[in-house]
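Residue numbers (our numbering), protein chains in the order written: chain A, 1017 to 1385; chain B, -11 to 282; chain C, 192 to 433.
These are calculated hints, taken from the structure and not from any lab test.
Treat the hints loosely; a few may be bogus.
What the hints assert, rightly or not - Below 27 Å or equal to it, Euclidean Cα-Cα: the simulated BS3-like pairs (lysine-lysine) are:
(1) B:217 x B:203
(2) B:217 x C:311
(3) B:221 x B:179
(4) C:311 x B:221
(5) C:225 x C:414
(6) B:176 x C:303
(7) C:374 x B:176
(8) C:225 x B:179
(9) B:176 x C:311
All figures in this text were calculated on a predicted structure; none of them were measured in a lab.
Given next are the chains, with one letter for each unit.
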Amino acid sequence: MPPLAPNDPSRPTVSSPSSSGGGSPPPSPELLLKAGPFLRKGVTTPRLMVDVILGLGPVVLAAIYFFGLSAILIILAATAGAAFTEFILPPGGQPRGRSLKDGSAVLTGILMGLCLPPAIPMWMAFLGGAAGIGLGKLAFGGLGQNLFNPALVGRAFLQAAFPQAITTWSSQGTVAEFSTIRPSNFALPFMQPPPPVDTITTATPLGMFKFEGQAESLNNLLVGNTAGSLGETCAILILICGLILAIRRTFDWRIPLSILATVGIFSLILWLLNGERFATPLHMLTSGGLLFGAVYMATDPVTSPIAPRGTIVFGIGIGLLVVLIRNWGGLPEGVMYAILLMNAATPLIERVGQPRAFGRTEGGKAVAS
Amino acid sequence: MTTNTPPPDAQPDVESTSVELTVSAVDSQVSSVRLVATLAIAAMLSGLLLAAAYEITLPIIEANNAEALQAAVFKVVPDSTQLQPLVWDEDKEELVAWSPKKSADGAGEESSASEEPPAGLVIYGAYDENRQFIGYAIEAAGAGFQDTIRLLYGFNPRAVLPDEPRHITGMEILESRETPGLGDKIYKDPKFAENFLFLTVDPSIELVKDNPTAKNQVDAITGATISSKAVVKILQKSTADWLPRLPKPGDEPAFIVIDDEQQQQQQEAEQPPAEESSEDAESDTEGEEDPDNG
Amino acid sequence: MADSGSSNPLMLGSQQQAGGGSVDPDRMYREFAKGIWKENPVFVQVLGMCPMLAVTNSAINAVAMGAATAFVLVFSSIFVSLLRSFIPKQVRISTYIIIIATFVTVADMALKAAFPVVHKDLGAFISLIVVNCIILGRQEAFASRNRPLYAVADAIGMSIGFAFALLCLGATREILGSGTLFKYPIMGSNFQPWVIMILPPGGFLMLGMILLVFNWAGQTRAKRRHRADGEANAGGEVGSAS
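Next comes chain A alone, as it looks inside the complex:
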């Protein structure tokens, strides 16, 4: 295990039995030796995870409201996949099930489920959760060691494995359809979902704009009355939840703010240059997975920079990549790849963005006394 970063609010209290090795000697009464940090916030990893899960609650409810019972099934399947993998492949030789208790696998599963389309088969959601935890987290050595956001790794895996199923968007259920479950959810494991009926498939607002040149009305985007992944449609709700989480200091507010500001400014410039070709900044900000990604995905404390300057660089990078991919890439949406790419750049950003420590220069060298 690497030394714990002193200014990471989430790390100091992660119980890491492997690092402490086999039983520390009983403290001697005369001399108490202890490694820093000495000031601790009363925040533990499980509490942090519960915080985020509670913050996700309204978004989950909105997903169920908009997409019906399918949403519950998919989120449950993804969570089960994530938790199951965490259970059977414990990181670092820990006893089975211990690492499950910090709640991070459940959180990954819920996040993973929320960024899937409503008609995806449940077995794919399960597989996505398993791949996210297995490839995205456990392969690196468990919580705190992973380079990429596990939920997005799972989604990227599904995107590459089942490009058709993950881009089949079904329209929102009306109240009458609330209790009807999309038949493709129940495709047998490893089997194809039944072919989607043309009348219930549709395009996401971003897809509509990219391929048809039609912009969705801002009202629908804000309320969430559009096609899309389960959790990403209702812009207002995500903003409110994000605000609450930011006030509670569950995550660093600089990250979402710098992402949204960058996307807003960059797309405003493009829109002013060519209003026909490029979407309005508001359309860019409220459509697709941008808000959801900025609030819930990019702020993962493990995979984002810690230093304040670093977080802003991180956010600006994501914002630029999102606009670039959306406007010039092959796919209509690029939030997932933007965040994953910046996850990969995080260790580099961390090196540049380190604040000056007391008694040291910017470069980290000790000041000559």
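Given the structure of chain A, go ahead and fit chains B and C onto it with the hints provided.
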């Protein structure tokens, strides 16, 4: 390796470089002549072997290529059994039947390069058993989602029936790297291929999302809009380039019978239609790969 | 490597020629068998990763690549071993490369003539066999120091080991990625293919999984032996695998 003292029996060779001298002087007593000779002999033997292998495989490879081209042309122009390359002559501004002899005359000297029709300016005329012109087969390429898509399409310039417009008679993807499972439907989905069996070009071809209503519309593949669009774009560009160059219906270049025995391609073209012309590319692939399994 | 002979191939060659012509069948078998499992070029030595990842999206491609590599490896080994006492040490690598490149080009042309479709699928990777480190590695480590019969046994063993690894990867990727094996549908018509498996990332994922399984199997076996012996001799496979 640090000592530079030459051993007693090291031959002072003026041609060898100092590095070689140092190495050979320290490790073993090999003259640089022998080093050069070893490499030269190895290279010579290798050259001989390669030349032999090349001579043996070249005719087979060329026959394979010609066969693949024929199969594709006969597929996109139904009922055709023979083909001949047609070249757009930049000077005369007309389409002429291409033969290696002619271009050799033009070039003034016999060279292997003139045996290939110039790339980019050649299309194929397709003819039936009676050497009657049936249609053109035109190769086109353009950017796809992943990489360049190369395709071949058949074009019938004249109306067989009185009110029949000129139209595309078939389309075959020759090369593409589109995403497996999505974009590769442009050559795996038989429904998409059906779009091109009778596709008119006036007005220009267009891509539609839902069921096509007019003869110039192509139905996009669900989930592979970009690749479908790429194919239509390639066709639009190629028809815009080539259709003005085609001669008036009825004035197509006649099929030239070549009695020169060296022209394997044309001779094979005169053979009765092989089985593969009726099969599609998929089963062709399987047929050819089967021997590998056994 | 397998053979840590004298540093001077010239000397070794002359020694062995002086040593007489009898062939030890046990040693022949050992040289042949080691490449298949114990010193498998992919699973143990982790060599030849480029073709391993690039052309294993179907079992047929894997077999074709395995066959082409085997052809090059066996013939290069024969020639290198035969010529080992004539090739001066200073130009040995260049000479090996000439020999290897010759057979690679022959394999390339032969494949193009015989199986044009497979050749199109494999593309540049047939030509890239020339830089496959398994081949040059075997020439340098084995063929240049041993008699032709042993060199052939070693080359065939290594080729089978490489082809086996290619086929493992190719078959799993084809089954998951296309639902077929050697183009024969085995997963039923309704199977949902995992497209990622026939794309490059799938190659990395499957290779990682297979190496994981191989190392895990090696470690469990070593542990069991360790327990059985009661003696700490957990060297062998685990040491070389990790």
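Against the structure, the hints:
Proposed proximity of residue 217 (chain B) and residue 203 (chain B) is supported: the alpha carbons are some 17 Å apart, at most 27 Å. For the given pair, residue 217 (chain B) sits about 26 Å from residue 311 (chain C) by alpha-carbon distance, which is consistent with the 27 Å threshold. At most 27 Å may separate the alpha-carbon atoms for a hinted pair to count; residue 221 (chain B) and residue 179 (chain B) meet this at roughly 19 Å. At most 27 Å may separate the alpha-carbon atoms for a hinted pair to count; residue 311 (chain C) and residue 221 (chain B) meet this at roughly 26 Å.
With a C-alpha separation of about 21 Å, the suggested pair residue 225 (chain C) and residue 414 (chain C) falls inside the 27 Å cut-off, and the hint holds. At roughly 24 Å between alpha-carbon atoms, residue 176 (chain B) and residue 303 (chain C) fall within 27 Å of each other, so this suggested pair holds. For the proposed pair residue 374 (chain C) and residue 176 (chain B), the alpha carbon gap of about 15 Å is at most 27 Å, so the pair holds. Taken as a hint, the residue 225 (chain C) and residue 179 (chain B) pair is broken in the structure, with Cα atoms around 52 Å apart against an allowance of 27 Å.
Restraint check for residue 176 (chain B) and residue 311 (chain C): the C-alpha separation of about 18 Å stays at or below 27 Å, so the hint holds.
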